[in-house]
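Peer 1: In order, the protein sequences belong to chains D and A. Quick note on numbering: numbering that gives the first Met the number 0 labels position 239 of the first sequence as 238, and the sequence is numbered without any gaps. Quick note on numbering: numbering that gives the first Met the number 0 labels position 95 of the second sequence as 94, and the sequence is numbered without any gaps.
Hints were generated in silico from the structure; no laboratory data involved. Because the structure is a prediction, the values reported are computed rather than measured. Incorrect hints may have been included.
Quick partial rundown of chain D residues pointing at chain A, CB under 8 Å, derived from the structure [stated by the list, open to error]: (1) S4; (2) E5; (3) G6; (4) T7; (5) R9; (6) L36; (7) A39; (8) D42; (9) A46; (10) A49; (11) L50; (12) V65; (13) L72; (14) R154.
Label pairs and their calculated CB-CB ranges [as the list claims (entries may be wrong)]: (15) P215(D) x D20(A): 47 to 57 Å; (16) Q23(A) x D222(D): 42 to 52 Å; (17) S299(D) x D20(A): 28 to 38 Å; (18) D20(A) x D190(D): 19 to 29 Å; (19) E66(A) x R205(D): 28 to 38 Å; (20) G140(A) x P216(D): 42 to 52 Å; (21) D44(D) x E66(A): 27 to 37 Å; (22) G320(D) x D20(A): 40 to 50 Å.
Think of the CB as a built atom: it goes at the ideal place given N, C-alpha and C, for glycine as much as any other residue.
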Amino acid sequence: MRHPSEGTLRRLVDEPDGVPDAARHHVLGCADCRAGLAAAESDADLAAHALHAEAGAHDIEAGTDVDAAWRRLSATTAAPGKFRRPGRKLRSPIVAGVAAAVVLAGAGAAAAADWLPIFRAERVTPVVVTPGDLVALPDLSAYGTVELTKPARVRAVDGPAAATEATGLPVPQVGKLPRGVTGSPSYRVGDRAVATFTFQAAKAARTAVAAGKPLPPPPAGMDGSQFRLTAGPGLAAIWAEGHGVPAMVVARVAAPVVYSTGIPFETARDYLLSLPGLPESVATQLRGTAALPLIVKGASETTATVDVNGVPATVLALKDGTMAGVVWVDGGYLTGVAGSISADEAVGVARGLRWSR
Amino acid sequence: MWWGERKGGVAVFRRPAVRNDLEQVFRAAYPRVVAVAARVLGSRDEAEDVAQEVFLSFGRSSVPGDEALPWLSVAAAHAALNHLRTGRRRAGRENAAGNGETFSPDVADAVVALDERRRVRAALSRLPRKQAVALVLRHSGLSYAEVAAALDLSPASVGTTVRRAESALRKELNRHASSE
Chain D
0 MRHPSEGTLR RLVDEPDGVP DAARHHVLGC ADCRAGLAAA ESDADLAAHA
50 LHAEAGAHDI EAGTDVDAAW RRLSATTAAP GKFRRPGRKL RSPIVAGVAA
100 AVVLAGAGAA AAADWLPIFR AERVTPVVVT PGDLVALPDL SAYGTVELTK
150 PARVRAVDGP AAATEATGLP VPQVGKLPRG VTGSPSYRVG DRAVATFTFQ
200 AAKAARTAVA AGKPLPPPPA GMDGSQFRLT AGPGLAAIWA EGHGVPAMVV
250 ARVAAPVVYS TGIPFETARD YLLSLPGLPE SVATQLRGTA ALPLIVKGAS
300 ETTATVDVNG VPATVLALKD GTMAGVVWVD GGYLTGVAGS ISADEAVGVA
350 RGLRWSR
Chain A
0 MWWGERKGGV AVFRRPAVRN DLEQVFRAAY PRVVAVAARV LGSRDEAEDV
50 AQEVFLSFGR SSVPGDEALP WLSVAAAHAA LNHLRTGRRR AGRENAAGNG
100 ETFSPDVADA VVALDERRRV RAALSRLPRK QAVALVLRHS GLSYAEVAAA
150 LDLSPASVGT TVRRAESALR KELNRHASSE
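Only chain A is shown next, with the shape it has when bound in the complex (with noise of 0.2 Å):
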């Protein structure tokens, strides 16, 4: 696809409508991505959606070829944690939670993994913002200095919002376990 226009006969700029790497860093960085996203939202079925987004949204952008691995890690972080927000599709999530995705071989351990989701993904979403990417981007095997850049932090903050960030799961999980 190409867009532009023409002035006597000649283009005057053209580009196509899809980055010329895309290919590329997607071989590269997709499997990063949906791992993302799939700590987020507990299902591959659901990461892999979010991670088609995510380089959708890649394709059409100027970000530099050399920072595409962190843009997109914070990009599908943002995207799966919108997924939880807006609880779109989650009975779609939670019957491929039944389909044997849970590596669960009876039913009583598949219930069990079924509600620990449900219970981590309530506590994420209600996380703010930037501490739920960075626990996520954390524990996603980003180091330190990777995350301080990815979200525009100083190293020494990273600690401390990840930090907060697991004394708020904690409380988030408690709380929703003394609630039941």
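Isolated chain D, as found in the complex (with noise of 0.2 Å):
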């Protein structure tokens, strides 16, 4: 057999039980993967020893006064007004993979006069990514500050007439419910969300040193530029499977907006993807779009173009065939469905919604 990957032989280190028969064998009988398992054992341990040794993590999982802590986060909560953390950073897990790709392809909002629309999202465009590109996938605080002055506060809602009441918006009618989809939906909703990124030059030139290269110099007036970004609101009918998993899930969101004051958005976007450290593969794909960048890892899923109702729309599927969805642009909107159906039957789905207020 071909030599086990260097991620396998790292899980042979402390989660054995994970790897097949077939790769311990071969590790036992080959001299070069034992060498690399012993790489693996001394780093691994370096490591172990780096973290528990910083931390004292043990004594201090065991020595957290619960009760105290638990007191200090309900005189926070409890505080009109305080319920909020001094400088809410975007990050949430899942915010940070994919912040990057969509600031660079524009999102966002403004109400302030001295703001320009400079991007709004007309169309969805896929932008395939290999997991290693998807690890390297930078940050956008690597390139200055990012803010989200305004949360989404997703939230549920009694049913479709809240719904439309928090954001104004229709709720879909589906005309027919793909096999193994059944009962009513549940709503939720979310606001206008708006974060607003400012660059700043001296933060991306230490990104571009760490990644080995000098910082391109920046276009006038780009350092210390901010860019408000806006999305929503947004209301998404839910119908439920067990375990936790949407069957099947129906949203329309206002489309990501961009305003600056100042930078055309395709200086800042040619700039911001000329930047050390995005991947070249990501970046060639972006460059000269001006469409809202759809993640698509290669590596477990397809992507197609299909029709719905005259507006163009990208299907994404998981190559292993349990989830698909379609998702597109019409009229200032971005709607989608999805779920643990097929490609065909999303696309049936879409193009035979209803809106109805």
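Mind assembling these two chains? They're in different frames, but the hints should get you there.
Peer 2: Structural data, given as structure tokens:
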């Protein structure tokens, strides 16, 4: 057999049950792999020592005063107007990974009159990434500061009327539910979210140096310039399945808009895409597009383009056939149908959607 | 605290600002969240500050209850790494280290421990973010499957990511040691 990957060798160190027997047997009889395993063990030991030694972790876990900590949290949450931490960063685990790509192609909103809309998502384009790209995808905070100035506050509401009341959007009516999707949907809504990205040349330079390259000179006015990004409001109708996994979701969100105090979108986009740190394969796909990028993991997902009642739409499906969805932008709204259904079923639902208030 | 709109004297929808299961999740997960942050920060005080931030975010979120622990673990790792990057409270952290929090009986040991913390923090802050998070989560006791689910990776690529992180960590620590 082929030599097991370095990741498989690593897993042999501390979770050998997760490694196939064939790989284990191969390693036993292969001097190269045994050397690789020894190196993995050595590095793992060093890391364990570094992280445990510095944390005194077991003592910390055992020694926490949960009651005192809960009182502290309760005091914060009970204080009116204080239930937000200062400088909330756009950094939820889900958001962080895609923030760079989303903002590069533009997302966002603005209220002040001196903010000009510089990007309005009018269509969706798939951006195919490898797992390696995904790991390497930088966070916007590597190039400046990102602040979520107004969170989306995604929440459940009691029914379609409440969803419309909260968002001003019509709710979807599905003509014929795919097989296996039954019952009435529950509804979730989110407010318009606003985030502000401030480009900082000094921070970008540090990131560039870490990537081993100089920072390309920023365009005039770029350093310190701000981009305000909005998306939403939005609503989703969710047909539940067991285990908390939705069987199908139909969602509509006011499409992302980017506003700037002066830098044109193309200038900002092309400059950000030229910065060291972004995988070249991703940058190439984003260059020259004004569409909202949809991150597609090339190893496990496929995409196709279809027509939904005259509008081009992107179909995204897991290669193992367990989930599929279709997404499109029309009239300033981003709409999607997705779930544990086939791509054909998703497209069928999309084409049959009606919207009612 | 309530929010919502009234129409004809009837609340159309309303919801407390804090999710109902917050206390239950907090009590179950707080030690773990502090431990994840402490692996990055090396200080219980600062790890507890980070844990407060993380639970405030969680309290506002609609993360399903059964996904709370992986979500909180990832959020704790990110929040702690953010603290490193910004260098905030470094002075406070190092003062705390001098206040016996290192569990070191003598001054020489404390100095060595403090220096090691500083080097580890610097090395962690230089790793690619996803590698650093995977490394911290795996060394906080999450299984490969849990790390994979939390970071949307395949279990196979968790091994690769952790391996690369550990290799990079060694290089960073060596680089620091040789430059001093």
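Peer 1: A separate judgement is required for each hint: does it hold in the structure or not?
Peer 2: Against the structure, the hints:
no.: 1; hint: S4; in the structure: holds (6 Å)
no.: 2; hint: E5; in the structure: holds (5 Å)
no.: 3; hint: G6; in the structure: holds (3 Å)
no.: 4; hint: T7; in the structure: holds (6 Å)
no.: 5; hint: R9; in the structure: holds (4 Å)
no.: 6; hint: L36; in the structure: violated (11 Å)
no.: 7; hint: A39; in the structure: holds (6 Å)
no.: 8; hint: D42; in the structure: holds (4 Å)
no.: 9; hint: A46; in the structure: holds (4 Å)
no.: 10; hint: A49; in the structure: holds (5 Å)
no.: 11; hint: L50; in the structure: holds (4 Å)
no.: 12; hint: V65; in the structure: holds (5 Å)
no.: 13; hint: L72; in the structure: holds (6 Å)
no.: 14; hint: R154; in the structure: holds (6 Å)
no.: 15; hint: P215(D) x D20(A): 47 to 57 Å; in the structure: holds (48 Å)
no.: 16; hint: Q23(A) x D222(D): 42 to 52 Å; in the structure: holds (47 Å)
no.: 17; hint: S299(D) x D20(A): 28 to 38 Å; in the structure: holds (32 Å)
no.: 18; hint: D20(A) x D190(D): 19 to 29 Å; in the structure: holds (22 Å)
no.: 19; hint: E66(A) x R205(D): 28 to 38 Å; in the structure: holds (34 Å)
no.: 20; hint: G140(A) x P216(D): 42 to 52 Å; in the structure: holds (46 Å)
no.: 21; hint: D44(D) x E66(A): 27 to 37 Å; in the structure: holds (32 Å)
no.: 22; hint: G320(D) x D20(A): 40 to 50 Å; in the structure: violated (34 Å)
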